[in-house]
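Novice: Sequence:
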Amino acid sequence: MAGLRFVRFPDAAAAIKALQPYDDGFMNGPLGNLYDNLQRPAPPDGSAEAYYMAIYCGDDILLTLTMAPTDRAWGLGCPQYARRETAPPSLKEAIDLLAKRAMDITHPLAVDMLYGEKGAVDAFFHSWLDAAASKGVRLRINDPILDTRASYTTPQSVTSPPPTRPDYKIIPATGDDFAELFPLYLDFTTYGRRTRALDVEEAHLRFVLQQGNSWLCRVDNTLAGFVVLGRPTPNTIAIRHVYVAPEHRRKGIAEGMVRAVNRYYLGVRPVGYDGLPEGDPPVGVKSFICLNAIDAAAENIYRRAGFLFPLRTTDEEAAGGRDPVSGRKAWQQSVLRGVEPEPAN
4 MAGLRFVRFP DAAAAIKALQ PYDDGFMNGP LGNLYDNLQR PAPPDGSAEA
54 YYMAIYCGDD ILLTLTMAPT DRAWGLGCPQ YARRETAPPS LKEAIDLLAK
104 RAMDITHPLA VDMLYGEKGA VDAFFHSWLD AAASKGVRLR INDPILDTRA
154 SYTTPQSVTS PPPTRPDYKI IPATGDDFAE LFPLYLDFTT YGRRTRALDV
204 EEAHLRFVLQ QGNSWLCRVD NTLAGFVVLG RPTPNTIAIR HVYVAPEHRR
254 KGIAEGMVRA VNRYYLGVRP VGYDGLPEGD PPVGVKSFIC LNAIDAAAEN
304 IYRRAGFLFP LRTTDEEAAG GRDPVSGRKA WQQSVLRGVE PEPAN
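Residue numbers (this note's numbering): 4 to 348.
No wet-lab data here; the hints were simulated from the structure. Heads up, the beta-carbon is just placed ideally off N, CA and C, and yes, glycines get one too. A portion of the hints provided could be inaccurate.
[Said to hold, decoys possible] Listed next, with one range per pair, are the computed distances between beta-carbon atoms: (1) Gly330 <-> His207: 31 to 39 Å; (2) Val328 <-> Asn224: 38 to 46 Å; (3) Ala347 <-> Ala17: 37 to 45 Å; (4) Arg199 <-> Glu281: 33 to 41 Å; (5) Val328 <-> His129: 52 to 60 Å; (6) Pro280 <-> Gly330: 32 to 40 Å; (7) Arg199 <-> Arg221: 36 to 44 Å.
[What the hints assert, rightly or not] Restricting the straight-line Cα-Cα distance to at most 25 Å, the calculated cross-link-like pairs of lysine to any residue (SDA-like) are: (8) Lys20 <-> Pro237; (9) Lys138 <-> Asp115; (10) Lys95 <-> Tyr59; (11) Lys20 <-> Lys254.
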């Protein structure tokens with residue numbers, strides 16, 4: 004396709020600047036992750052490489068491929084503008100070019116784990132396998148490690164608080180809450196996630212508490228659950244973790260926590276829940292709150308809180324899931340999957 008060009012940004016700050024026009028409900032993952040990495044301690048010099056790449060068509064970014072020093076997987080970004088305005092053949096050519104140029108500056112085993120929109124991830128890996136084969140390396144694509152649906156909520160879709168205030172409080176979490184929260188957080192990590200070393204989980208929780216976007220739910224001063232937000236950008240923020248202790252489930256707490264932080268970060272007032280302030284968040288009022296759901300049951304909870312997940316029909320086709328303002332599709336299937344060398348015969 005005429006007009007396609009590859010760019011490698013010198014650092015995360017340059018990539019963030021280029022991606023600012025695409026700061027919407029579908030780009031929180033790639034863009035928010037770059038912001039997060041600016042806040043994390045840098046690894047020792049030379050201990051980890053970083054890559055910030057993009058494919059442009061004219062002045063528009065079609066694709067991004069990034070790996071920051073603290074990332075465990077590469078991130079593939081496909082801005083909403085590109086998906087809306089670019090025909091599939093054009094996007095396929097862009098993916099082929101991205102895979103080829105990324106291969107030129109790395110090696111066949113470099114992009115071993117990739118997260119992003121499913122269609123784009125699958126297409127990239129097929130192109131990556133072709134590029135690896137041209138260098139004499141045969142790879143195979145593994146089954147997804149994580150398969151989710153991503154969506155967002157906006158001020159126009161967020162739902163109202165209950166008519167009477169619940170008998171629980173949702174309060175800010177601080178570093179002083181670490182000792183009490185860590186056991187519950189470890190319980191959370193056993194659900195649907197790959198296990199990590201205890202010191203890694205401890206460092207992660209301390210980092211997110213330091214960011215100031217974590218909230219505790221207390222019932223009669225007992226810790227009943229928590230919600231963690233992260234990846235803030237000027238326009239977006241993501242709900243990263245939601246967890247309710249088993250003895251407090253089926254009481255509407257998960258939905259209540261999500262609904263409360265939605266209203267708080269979107270600037271919809273009154274918030275309507277005890278514990279949350281009525282002023283603006285320190286990270287600023289957002290236009291989108293983003294979230295990934297692992298199954299239909301979770302989607303139902305989040306849909307009631309204002310997220311634009313579609314209804315799943317009996318034949319697994321999805322109905323609805325449209326942005327109330329733009330009318331465009333407001334969800335996507337996202338996967339984390341990898342490649343590995345084919346076994347020797």
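Novice: Hint by hint, note whether the structure agrees.
Specialist: For each hint, the structure was consulted:
In this structure the supplied range 31 to 39 Å holds for Gly330 paired with His207, their Cβ-Cβ distance being about 38 Å. Roughly 41 Å separates the CB atoms of Val328 and Asn224, a value that falls within the hinted 38 to 46 Å. For Ala347 and Ala17, the hinted distance range of 37 to 45 Å is satisfied, since their beta carbons lie about 41 Å from each other. Distance hint check: the CB atoms of Arg199 and Glu281 are about 37 Å apart, consistent with the given range 33 to 41 Å.
Evaluation of the 52 to 60 Å hint for Val328 and His129 yields a failure: the beta carbon distance comes to about 35 Å. In this structure the supplied range 32 to 40 Å holds for Pro280 paired with Gly330, their Cβ-Cβ distance being about 34 Å. Between Arg199 and Arg221 the CB atoms are about 27 Å apart, so this pair departs from the stated range of 36 to 44 Å. Straight-line distance between C-alpha atoms of Lys20 and Pro237 comes to about 12 Å, which keeps the hinted pair within the 25 Å bound.
A hinted pair counts as satisfied when its Cα atoms are at most 25 Å apart, and Lys138 with Asp115 qualifies at roughly 16 Å. A C-alpha spacing of about 13 Å is found between Lys95 and Tyr59, which places the hinted pair at or below 25 Å, so the restraint holds. Distance check on the hinted pair: Lys20 and Lys254 sit about 43 Å apart at the alpha-carbon level, beyond 25 Å; violated.
Hint check: violations occur at hints 5, 7, 11; the rest are consistent with the structure.
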